[in-house]
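Enquirer: Could you put together the complete structure from these sequences and hints?
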Amino acid sequence: MEKTHYKQEINMTPELMARIEELCSHYPADKRKSALLPVLHDVQDAHDNWLSIELQDKVADILQILPIEVYEVVTFYTMYNRRPIGKYMFEFCQTSSCCLRGTEDLMDYTCEKLGVKIGEPTADGLFEVRGVECLGACGYAPMMQLGDFYKENLTKDKIDQIIDDCRDNKIILHDK
Amino acid sequence: MSKKILLDQINVPGIRTYEVYRKEGGYASVEKAIKAMTPDEVVEEVKKSGLRGRGGAGFPAGMKWSFIDKKSGKPRHLVCNADESEPGTFKDRYLMEFLPHLLIEGMITSSFALGANLSYIYIRGEYMWVYKILERAIAEAKAAGWLGKNILGSGYDLELHVHCGAGAYICGEETALIESLEGKRGNPRIKPPFPAVSGLWANPTVVNNVETIASVPWIVNNSGDDYAKIGVGRSTGTKLISASGHVKNPGVYEIELGLTVDEFMNSDEYLGGMYSDRPLKALIPGGSSVPILPADLIYKTTNGEDRLMTYESLSDGGFATGSMLGSGGFIVYDDTACIVRNTWNFSRFYHHESCGQCTPCREGTGWLEKVLWRIENGQGREEDIDLLWSIQSKIEGNTICPLGDAASWPVAAAIRHFREEFEYHIRFPEKIKNRNHFVAEPFSQVKHLVTKQTV
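Chain order of the listed sequences is A and B.
Under the numbering used here, think of the first position of the first sequence as 54, with each following residue one higher.
Under the numbering used here, think of the first position of the second sequence as 163, with each following residue one higher.
Just so you know, the hints here were simulated from the structure itself, not pulled from any lab data.
Be aware that one or more of the hints could be misleading.
Cut-off 25 Å, straight-line C-alpha distance, at most; resulting in silico cross-link-like pairs (DSS-like, lysine-lysine) [unchecked claim]:
hint : chain 1 : residue 1 : chain 2 : residue 2
1    : B       : K410      : A       : K211
2    : A       : K170      : B       : K532
3    : B       : K346      : B       : K294
4    : A       : K170      : A       : K60
5    : A       : K84       : B       : K346
6    : A       : K211      : A       : K166
7    : B       : K410      : A       : K209
8    : B       : K410      : B       : K462
No experiment lies behind these values; they were computed from the predicted model shown.
Expert: Shown next, in the form of structure tokens:
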């Protein structure tokens, strides 16, 4: 049976709380719930890129909404992770235009090189490979998303270089 | 060379910054609209321009604006739909990434026309670096006095924010986008009421695509009549086309509507022909949801006229012989592309992206994906093609939002134009087993084998 509950240390720093209040100020005072999606992005980024149930409850508390209102959003949108994931998540676009330019071969190559199957992190927790639907980079195919950024016009050599850069800690995941 | 009204400044160094954009004449439309025009006059110019929504549906933008409820006394909102997620479409990202102030200028001028004091740009969550670019540009525009209280001393106030989604194609549908902006799942709403009457937080709201809003500054600066002179018939102005697949020069192009498909496909100014110099097999002109066209219907209509890059010419003959301009997501296939695998790929996409609210879409897209997968894997049954046809026909027109149609049309068109390829997969499973993913036998050979066996 798939594990559904993972422990996570919650660390709502003053900087993160200030950012949440800034996001809430973008909407009328009685519409704090509207900030939910952007808030979840920032909270997830600050917590190793995933959201435990406890963390979702914390967000509900801050936005003054019910926990179920957070759960139903987190389970609907694909960018929220409900379990720990590889630090470097290679999200390959697997929609038509990318496939026409060889995404499927590149995904096979990457999985083989990292010794993983799609959706399973490496033993050291550093990498994970995932296929996602259209990322809007069809003219620069094949491509993948890594953190906040796109890696486009990929080749096997470029994949090798990206993996090396990740291992050498040279990759920036978030634009802050 | 086509006239450029959106991308004419794209190569100006530093155009992404406020300083350079302003120096190049940016924000002139805001100045003109607020100082010299009434909101209704701005709406009138947009109506005269004939500008049609560039998100895919092609509904006249000025008419959409004129539906907004001004009598209710409720706050009004303009929401920019930057949730670009249609496979094959990547034009809005290009515009926002390199010309963020053009979009912001369009948002201010359009918000003024609609009487909106609180507006949003809803951008897909995956475009996070573009989100940051827009956030910085909005801060620059605000610091320069183009946003906030009493803009240009006119008494007009506008707050503009960028809001990010989190990975859901359905949020490109305007009512699903509004639900998402309210912090909920992106479930489309039943219309009516339309957003112009009851939209964001039940307030009158207009939702327009990025490209549509970015066209407004030019229209206000130059007049709607001048805009209407560009293009052909009811397809006025220019259009961003994003090209991908088997072409030499994929990318984003601004074309005058009315250019021939042949020139766009084959001239060096645009796509430069097939990248492998292999024969053209098929083309999708407007994003994954519009019908695919086989090679013999691409350059000429059934009347033998040149097929043009216009809303009307691309749909000539309905779905039997035409397609749609849609979002301008131009996907090109050479003769190595497997149409069955491509159709399955799209069906998987729509199944994944269905919000699950309507049964025909939630269940039907899954059925399409499963049946297509077994055909693609050499386990298809003789009756499967008719089964696919039956399923897609029961989804089309039977859902709250157009995602059902979008899931249905690619399957119908693929069967309509490439039935022999489906039959080939079913009758010759051994021939498709060890090939490489998307790679197919040349269609002429497939047709020959299927026909020979049938005879």
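Enquirer: Next step is simple, just say for each hint if it's right about the structure.
Expert: Hints, one by one, checked against the model:
1. B:K410 to A:K211: Given pair B:K410, A:K211 holds - Cα atoms ~21 Å apart, limit 25 Å.
2. A:K170 to B:K532: holds (22 Å)
3. B:K346 to B:K294: holds (23 Å)
4. A:K170 to A:K60: Holds, because 24 Å separates the two Cα atoms, which is no more than 25 Å.
5. A:K84 to B:K346: Given that 25 Å is the threshold and the Cα spacing comes to 12 Å, the pair holds.
6. A:K211 to A:K166: The hint holds at about 13 Å.
7. B:K410 to A:K209: Given pair B:K410, A:K209 holds - Cα atoms ~21 Å apart, limit 25 Å.
8. B:K410 to B:K462: This hinted pair holds, its Cα atoms lying about 22 Å apart.
Of the numbered hints listed earlier, not one is contradicted by the structure.
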